[in-house]
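If you read the protein sequences in the order shown, they are chains H and U.
Residue 127 in this note's numbering sits at position 127 of the first sequence; the count goes up by one each step and never skips.
Residue 142 in this note's numbering sits at position 142 of the second sequence; the count goes up by one each step and never skips.
You may find that some hints are simply not true.
If chains are identical, the list can't say which one is meant, so a pair holds when it fits in one copy or spans any two.
The calculated lysine-lysine pairs, modelled on DSSO-like cross-linking and capped at a C-alpha distance of 27 Å, are [as the list claims (entries may be wrong)]:
#1 Lys-185 x Lys-296
#2 Lys-252 x Lys-296
#3 Lys-2 x Lys-171
#4 Lys-89 x Lys-252
#5 Lys-89 x Lys-171
#6 Lys-2 x Lys-185
Simulated from the structure, these hints should not be mistaken for laboratory data.
Number of protein chains: 2
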Amino acid sequence: MKVLIVGAGAIGGFYGALLAKAGAQVSLVCRSDYAVVAECGIEIRSTLGEWQFEPAAVLREAGEVGESPDYVVLCTKVLPQIDRAALIKGAVGPDTAIVLIQNGVEIEEEIARAFPANELISGLAFVCTSRTAPGQVWHQAYGNLMLGNWPSGVGPRVSVLCELFESAGIKARAMEDIVAARWRKCVWNAPFNPLSVLSGGLYTSDILSTQESLVRQLMEEVCTIAAATGHPLSADVVDRNIADTRKMPPYKTSMLLDFEAGRPMETEAILGNAVRAGQREQVPVPHLETVYALMKLREYQQEQNARR
Amino acid sequence: MKVLIVGAGAIGGFYGALLAKAGAQVSLVCRSDYAVVAECGIEIRSTLGEWQFEPAAVLREAGEVGESPDYVVLCTKVLPQIDRAALIKGAVGPDTAIVLIQNGVEIEEEIARAFPANELISGLAFVCTSRTAPGQVWHQAYGNLMLGNWPSGVGPRVSVLCELFESAGIKARAMEDIVAARWRKCVWNAPFNPLSVLSGGLYTSDILSTQESLVRQLMEEVCTIAAATGHPLSADVVDRNIADTRKMPPYKTSMLLDFEAGRPMETEAILGNAVRAGQREQVPVPHLETVYALMKLREYQQEQNARR
Numbered sequence: 001m002k003v004l005i006v007g008a009g010a011i012g013g014f015y016g017a018l019l020a021k022a023g024a025q026v027s028l029v030c031r032s033d034y035a036v037v038a039e040c041g042i043e044i045r046s047t048l049g050e051w052q053f054e055p056a057a058v059l060r061e062a063g064e065v066g067e068s069p070d071y072v073v074l075c076t077k078v079l080p081q082i083d084r085a086a087l088i089k090g091a092v093g094p095d096t097a098i099v100l101i102q103n104g105v106e107i108e109e110e111i112a113r114a115f116p117a118n119e120l121i122s123g124l125a126f127v128c129t130s131r132t133a134p135g136q137v138w139h140q141a142y143g144n145l146m147l148g149n150w151p152s153g154v155g156p157r158v159s160v161l162c163e164l165f166e167s168a169g170i171k172a173r174a175m176e177d178i179v180a181a182r183w184r185k186c187v188w189n190a191p192f193n194p195l196s197v198l199s200g201g202l203y204t205s206d207i208l209s210t211q212e213s214l215v216r217q218l219m220e221e222v223c224t225i226a227a228a229t230g231h232p233l234s235a236d237v238v239d240r241n242i243a244d245t246r247k248m249p250p251y252k253t254s255m256l257l258d259f260e261a262g263r264p265m266e267t268e269a270i271l272g273n274a275v276r277a278g279q280r281e282q283v284p285v286p287h288l289e290t291v292y293a294l295m296k297l298r299e300y301q302q303e304q305n306a307r308r
Numbered sequence: 001m002k003v004l005i006v007g008a009g010a011i012g013g014f015y016g017a018l019l020a021k022a023g024a025q026v027s028l029v030c031r032s033d034y035a036v037v038a039e040c041g042i043e044i045r046s047t048l049g050e051w052q053f054e055p056a057a058v059l060r061e062a063g064e065v066g067e068s069p070d071y072v073v074l075c076t077k078v079l080p081q082i083d084r085a086a087l088i089k090g091a092v093g094p095d096t097a098i099v100l101i102q103n104g105v106e107i108e109e110e111i112a113r114a115f116p117a118n119e120l121i122s123g124l125a126f127v128c129t130s131r132t133a134p135g136q137v138w139h140q141a142y143g144n145l146m147l148g149n150w151p152s153g154v155g156p157r158v159s160v161l162c163e164l165f166e167s168a169g170i171k172a173r174a175m176e177d178i179v180a181a182r183w184r185k186c187v188w189n190a191p192f193n194p195l196s197v198l199s200g201g202l203y204t205s206d207i208l209s210t211q212e213s214l215v216r217q218l219m220e221e222v223c224t225i226a227a228a229t230g231h232p233l234s235a236d237v238v239d240r241n242i243a244d245t246r247k248m249p250p251y252k253t254s255m256l257l258d259f260e261a262g263r264p265m266e267t268e269a270i271l272g273n274a275v276r277a278g279q280r281e282q283v284p285v286p287h288l289e290t291v292y293a294l295m296k297l298r299e300y301q302q303e304q305n306a307r308r
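Model the full structure from these sequences, guided by the hints.
Laid out in structure tokens, this is it:
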């Protein structure tokens, strides 16, 4: 079983290491940390143990892979400035399954259009992991995956992948409707990620305790969009998200961590795509629209600052 | 003609100086800068000239005024933590007219309830003025006033006040419907003030060039509220505000200046009161609601920062 991970950051490094642990032959495409990772591999510090992940090969570009792998697993952030299809193109053969372990909603179609003949597997990671230094990944908590074929269904290659991850020690669920699962995750992400940035850096607990009503309105709008796109969520999804967040320790969202580090944020994948889906389906999403517009202003200001 | 100015900051210092210039006997209630102002008065640097404004008396509290003045002019910021009625109470006699030169919408009722027998004059200042040091006020541009009785009409004391200001060199318009004028000013304030803060410090020009659509939606909602409260604005008010803003030089809003200086912001007077009016009149104001909730989050974060 040959796997190529594209984007060997916190997510790609961690899940790649798990697949290798499970016996797959895992190579990495690694850009910024190439030198360190090519020499030493990736040191994994995890709730599952500590080990050195030594990839079969470390490449600068997907095209260097030689024989096409069984799976190409794309683990980059989803950003307008990243051409995801171009990143994987050189490694995708006629029998390669493309796997996305990425954030956001409606992020699959761009890839499906570029590779119409390939099997496409869409995946969600519920994980707290970070790249602490070049070649070092710290898996702090959680780790569950949801995987399913896009636009729907669970084929044999999804099952194989789930089994590999399970044998490495994490829960990997095969989902009949992975698109609905993306919308369900968006119910939490669409309010908390941007609100943590726009508030100037508040924890999820502070956001919830002071502006629960806005959080709920944003969540309800995501549910409305999901239903309009043919993926209705369960009626109690908002209440459950609120209750679960109340139980969490004070948490800094990934978008806030990116913002504070001056890194680009997944505003378009998480929020922009949701708003555009709402507009396309002609459901009113005024609260999401407002938060999205404010995030675009905040990004604009961040870019201006960076240029100074 | 005896006038007592309560709140001798940039606004109170400037308009008090103008009334003194016009021949009124003007005293000041001055808290933070008492020592300097009591000794030297206020130095005015203005487009109308430079002069030293020497008040008839400088008081620490309104109750020290002795004989009740003809006008008590309240020029503080409108903040939840400021009890405006208590600030002026000691100086308001049976024949005193109360004048508000303050920001916001629906800020009069609280005063009218506290002083039901007194004439109430509501006023709007279109002015760029700042307190550059204790006892120093810099009037940079504009200066027009709009004054009218609350809830409506123009009585003789409004006319007298307008004449005084006019004779001092600024335009003072007597307004039959000052409440509508407040809503008209809010059309500009409700988007640009909070957006400048939530964007992380953008100028009005940047906000308008990148998110005109959100600005328009917020403006339209203010118009809807104004109409629902019985003060319909002219149909082209949004277009005119957009066009006028486009002609302005890049401008930092007063709320942004307050925020950057760590001072409390007039979020409730400008935005909170508008949202509450919309909810009371049962008109949908989702964009304003969202921006208001985000401002409350930003304020909460600012307070937490200040406590550290």
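Hints the structure fails to honour: 4, 5, 6
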